[in-house]
Amino acid sequence: MMQRDVGKSLEGLVGRIYDFISHGEVPEISMPSRNKDNIVLDQLLSVWKYGDSLVTRSGKTVEGAEYLVKLLYIIDFIREMIRENKSSTLREMYYISEGWNLAKFHTQDESNLLAEDLEVISELLREDFKLRPEENGASIMGNITVEEKTRKGEFKRINCKDDVGDSGYSIPYTVEEEKLRIVDLDADFVLAIETGGMFDRLVENGFDESNRCLLVHLKGQPARSTRRLLKRINEEKGLPVVVFTDGDPWSFRIYASIAYGAIKTAHISHYLAVPTAEFIGITASDILNYDLPTDRLNDKDIAALNAELKDPRFNSEIWRDEIETMLRIGKKAEQQALAKYGLNYVTSTYLPEKLSNLTGYRW
Amino acid sequence: MVSKKTAISDFREASISEFFEKNRHILGFDSPQKSLYMIVKEAMDNSLDACEEYQILPDIQVSVERHTDDEFIITVEDNGPGIDRKQVPAVFGKLLYGSRFHSFKQSRGQQGIGITAAILYGQITTARPSYVRTKRLDDDVAYEFELGINVKENRADIHYERPVIWNVKSGTLVKIPAKGKYQTGKQSIMEYIMESAVANPNANFKFTDPEGKTIEIRRAIEVPSKPGIAIKPHPLGLELGDISSMSRLTQAESLLDFLRNDFNRISDRIALEIAEKSGIPADLDPRTLTLQQIKELKRAFGEVKLMPPPTDCLSPLGHDFIIKGLKNVYGDSRPSHYSKPVVRPIAVHNGQPFAVEAGLVYGGDLKSDDPVRVVRFANKVPLLYQAGACAITRAIQEMDWRPYGLDQKSGQGMPYGPAIIFVHVYGIRIPFTSESKEAIASVDAISAEITMALKSLGRSVKSFLGKREKRKKVYEKFRLVNQLIPEIGKKSAAILGKEMPDLHPVISKIANVVFITEEIQRNEGSTKSVVHAVNFTRAPVSLKLYAEPPLGNYDGPELSWEISDLQPSMEATFQFSLVNVNAEYPGTTFYFTGIDPVRVQGAEPLPADYGIGGLTVIEEDEGAGEDE
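As they're listed, the protein sequences go chains B and C.
The numbering used here applies: residue 1301 is where the first sequence begins, and numbers increase by one.
The numbering used here applies: residue 252 is where the second sequence begins, and numbers increase by one.
In short, the hints are calculated from the structure, not lab data.
Wrong hints could be hidden among the right ones.
To be verified - With the Cβ distance kept under 8 Å, some of the chain B side facing chain C (calculated, not the full set):
1) Gly1315
2) Ile1321
3) Ser1322
4) Glu1325
5) Val1326
6) Lys1360
7) Leu1368
8) Ile1375
C-beta: ideal position from N, C-alpha, C; glycine also.
Produce the entire structure from the sequences given, and follow the hints as far as they go.
What follows is the structure in structure tokens.
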């Protein structure tokens, strides 16, 4: 969005707050409630978005008033950055708020959440606000050629197999066309991998070449830019995405955020989620079928699995089976547990077997 | 246990000391650690009793010196009335001597066993004598003694007695050598002195440990404590042995006179009735009573209608002593709340009057995840041992503290929280679980009184926590209208480049009241409370404001201010100095008069009894359903 429009849009928001007061009313702001009880499937786009239930932050309470003060300070800060043509990381904003007196953030989570709220309220994107996350080090390896705009303003061409080391090409914090162009691609699918250990194993075993795929290291719960890049490759180049994670409740959520949309960012699911992404494993059935070494589920794992049973995104037969199986056996397993059968087992046996069984449908 | 003591008194005097030598654990000299503590305790209890009797503000000095590896010299010096030199051999050298044994009076010390037992313990373990120096107010010189105990004959062995110049008004110094083990911590001499200072805030204590380190606790109140008044024994509290020894020591010539003169609450008529019911001739010489006749007498006591014993003979610590004592000793942990001490009315157990008083401190630097600390006292003496067997501990553990705001697993056991609970049981012949008097026996009457006192303390904690919560909410609301709403107006106006909007309509929508809040200002070395009264209503207001700062943080005159014709959105401020303020400052309570209560936040309407809170409050028995 044009930066002048961003400023205008934010000023409109401030004007709403100001008008409440000047009309003798207690100021308030409403927006969609951002929790799992308020996400619904967008039938058209096949991703999960926020529903109709609203939360209202009102100046009647201390919490509500503090929220409004903080929101006003963030908006003022964003206008200042736009004016001076600067940008800042979310963490920098957290530290800058030290000087905001009443609007000081107590934790970075709080400031991150407010920046997301502002996206929801203003229907703009964080990038419009000149706010960016830290680089998180997610990477890609495989036969794709991109052009990235460097800080000198020139586009640099990089082949993500030949021009990079073994750790792959590091995904930048923004992957929009003006920063990253996809120039050429020769692969059949994308394999998105949760852990660095497994990514390195597949790189070492040359799985990207032998199976004509792109390997993407998600680095845990994937950052927005990682999900956005998966989305672009999927949408613009038509490559299917396959997700390969540990076998535990937290990894199921990694898949969910890629395939269905994450609860925290449901307002931009249409822009981040890959509705056709498929889950390959580790599943609870894999633990049994491949007789994998396991760890016992702890109390938090069990609570997370039970929460997933109530999460509308996991409301499918196959997920219910898997989650209930995991609860029943009380076990979880890591991707690297496959090494039980040797270092090549994952590339020679597990992945080919699982890939040949893919249905072509989301779970 | 009372009968056991009487059994001792039935022995030939000569064998009493021998008996002790063989059974010293009965009197508490059962381990090397405890023995040093017992010696200090016996000497200190005597000193405090003597000072109380003579209305002297006590100065007590205690030192423990290391003589050899396991031998110590314990010195206890007081400024008490001193002892007649002729009495010294008996007081220090004879077990079961002492004016108290047959007197019925609330006092600290043991019945004439304590200090002699201490000297005897020293003699047994070190083969060395003790040293006593004493001076009475009227005497020009002091007398000093070196003495041991002749175990066979139950008398003092005076090695020497001589006059000596001692530059004090009056006092007694005892120096006892003893084998033992010096320890610090929960059951130590230091702890005993600290807790004694709680119950005796009118005393100076000075303690020097074997390392040569000296600790002093200064008195916090300049009032001598009131001694208990000796009364004659009430018939219902007596064991057979008591009656037997009374009958042999009496001056009375006949049973009738014995009953009339030597007992409490026996009138001429009742005496006749008892004689009749017991079937013993009224003119019998009481010294000739047989055991069978004494049994009949005791039975007859139970069959006549006797008035309960008099209750004005006891000596409570009272409100001021408890508060001053707790503040003096535990003030360092800067508690945020001192409960108003509870002084229960006097009750009767086994024919003997007793009562319970209790206090509590809460918060400050006390740890909130530790078990509550309990300090137990019987007749003003700290009880450090056998906590688990004591009626006080048990009453605390059996009570459900959760409704009062303390943590407790499943509603029983020791509660957790930042609190110290002080309980004092006092009376004539309090029942203990053993002769060493370390745990009060859990008899129903006493346990019930303790529980009543604890519930009062619990309510006080609950009300404190409730008030603190309420004050916090008021402060939050004040911050909302005084800071946050103006900031929203200011910032939005600045972003839009518009004028600051009028905030009044919004603020009176949120809070159409007069706000009373206090703000703590710390400057170097001093802390003050700044009181803000802000009128957020749309009309001018007048009221009178009263402030009651926390007990532990304010030491000045009563505070009140007139606020007249305070205009809308105007603020009146007042201030006063505070002491000992820590991060957990509990906040001042504000009261007001002269304005509709719905128009004020942060203060309460002035209660009718305001200003008389400092008096001793006797808690009356609550009716049914007092647990709300």
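Status of the hints after comparison with the structure:
1. Gly1315: Given a least distance of 6 Å, the restraint on glycine 1315 (chain B) holds.
2. Ile1321: Holds, about 4 Å.
3. Ser1322: Given a least distance of 4 Å, the restraint on serine 1322 (chain B) holds.
4. Glu1325: Glutamate 1325 (chain B) check passes; min Cβ-Cβ to chain C is 7 Å, inside 8 Å.
5. Val1326: holds, 6 Å
6. Lys1360: holds, 6 Å
7. Leu1368: Because about 5 Å separates leucine 1368 (chain B) from the closest Cβ in chain C, which is inside the 8 Å limit, the hint holds.
8. Ile1375: Result: holds, 7 Å to nearest chain C Cβ.
Figure legend: structure checked against the earlier numbered hints; every hint is met.
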